[in-house]
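Enquirer: Listed below, chain by chain, are the residues.
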Amino acid sequence: MEEALVDWSRAQFALTAMYHWLFVPLTLGLSFIMAIMETIYFKTGNEKWKKTTRFWMTLFGINFAIGVATGIILEFEFGTNWSNYSWFVGDIFGAPLAIEGIMAFFLESAFLAVMFFGWEKVSKKFHLTATWLVALGSNLSALWILVANGWMQNPVGMHFNPETARNEMGNFWEVLFNPTAIDKFLHTISSGYVIGSLFVIGISSWYILKNRHLQFARRSMLVGAVFGIVSSLFIVLTGDSSANHVSDTQPMKLAAMEGLYEGQEGAGLVAIGVLNPKKTVNNDEQAFHFRISIPRLLSLLAERDMDAFVPGMRDLVHGNENQGLPPTREKMKKGDQALKALNSYNQAQKAGKDSLASAHLETFQNNYPLMGYGYFEEPEEVVPPVGLTFYSFHFMVILGFYFLLLFVLVIWSNINDTIGRKRWLLRAALYTIPLGYLASMLGWVVSEVGRQPWTIQDLLPVKVSTSHLNAANVELTFWLFAGIFTILLIAEVSIMVRQIKIGPK
Amino acid sequence: MHIIKRIWRFYYEGFRNMGPLGKKLWIIVLIKLFIMFAILRLFFFPDVLQQQFSTDKERSEHVINEISKP
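Here the protein sequences line up with chains A and B, keeping their order.
Take 1 as the starting number for the first sequence in the numbering used here and just add one per residue.
Take 1 as the starting number for the second sequence in the numbering used here and just add one per residue.
What the hints contain is simulated information worked out from the structure, not anything from laboratory work.
When the alpha-carbon atoms are kept at most 16 angstroms apart in a straight line, the in silico EDC-like pairs for lysine to aspartate or glutamate are as follows: (1) 57/B - 163/A; (2) 24/B - 492/A; (3) 121/A - 13/B; (4) 505/A - 47/A; (5) 463/A - 66/B; (6) 463/A - 2/A; (7) 340/A - 66/B; (8) 23/B - 492/A.
Here the structure is a predicted model, which is why all the values come from computation and not from measurement.
If we strip away everything but chain B, and leave its shape as in the complex, we get:
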């Protein structure tokens, strides 16, 4: 428990005492992750097979059909 407390303290103080450059970089990272996961992933990059078919069997049949007709 003591160790977990020390690790928590280490991270907490690290983030609290972070300089302006570190804060700027964290803002860029968070904006980037938001754009990637909340915008690009949701609206532009659906998993096609997950979206179009509900079971792995259907997905397999679809891909077999796709790849076995040259």
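Isolated chain A, as found in the complex:
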């Protein structure tokens, strides 16, 4: 496949997904924050909490309206730009996406109307239930799309039909409870909760800095910070679980995240470091210009054993006999056998040579788990972009701990009643809003760039997934999207800013 076509198709998908992701996490996080605020109103009957809830609900509505359906474009791209991939994944994607559509339609759409129109028309209890159901519905919608993504990172619960070239669902529950998907879901939604918290704290800080709506701002800030701390701690847990599963299913990604070229027993976790860009899996250059590591922590996180061996990129490419790791070239041979057997099987089927067909089918099935390796010409092709993966991962982690510190400081200053005097903290909270989005985007970069060259791990690389299109047309739609999404973003920010300036009524 033409390299420019693959690159533009990837760029277009990444652009669309990232713009889509600008809207989604605030919906996920803010929906729960306003549900908590409304619950306090329901319990106390204090009208101030109603006012607080309604203000954040308005901002939620703006974000929801601007962001709604931006993800549909990703589905358009599957059919146009990624037709081989779309056909290949078969009903594995169809089922979760259909459930996602139904969930989104019934839970979000129906109860969203109750949430916005029903304040004076339905009972307090019913309204509160509607708000919680909107929050749950939004988050459950995310579940299904992340189940589909989790399957791409760790394909389970299916069998490939060599006659139709499609994967067929073998076990729905295995696909749903795929550990990679569950980790991804929990880690991703909790990043949305942190963004929601940072948003509430940041906007509240702005009011305090402007000396406006002080009681409202402090009320909101406290809910945001407590929700933020709980979410941040949850992110640490789900991040740890993700790293553990990545080490099992995508060891190359883990090695790239840590810039680990040579496998080690008792491997340390890099806290901060500067990679040597000249380092490859084929030379003996130093991997880092500078680094500070926490001894043996990577082994503990990856293998739950401080002395365990963690394979490096070199071990995974060239093999490590002592650790029982086969070289990639061996996998390439098996992949090649699978592809040839698939071809031969279909030819034998057409010719009506049943016994020959079943022999080829057996060869194919034996080698199918490594089929994707058959597309590579050199073993080094299995190494993802190390710099981008490494720095994205480390900046994300550093930002995550910074957010935790910020939440603690905000709560502490609220309890001490010193928040109004700490203008540096209020400014920091305000300017941290975009950092929340940055951290979440970096998480996606780690997940998606770190799994390159695969679209579906071990089965289908990116270069085989795309449709035969004119690269110039894909480039045109890339810029078209960039324009449309930028207009939407400007619309969101300007409407949101105007509403924030108006403040709670």
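Here the structure of chain A is known, so what remains is to put chain B in place on it, guided by the hints.
Expert: Then chain B, alone, in the frame of chain A:
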């Protein structure tokens, strides 16, 4: 029937009494959906396999041919 009438009334009054912000957001949503489905989907994003082949068998053969030649 009574319930359906009440639900209809609820939505009708909700939309009728919607403030300027709500109306503005609905206009943005409708313009966006129009651009996505009536322009992008129709002119820029055809389903390649649906467009080029008329049966699933043809589509399967095409994809097998694509994926089995490294």
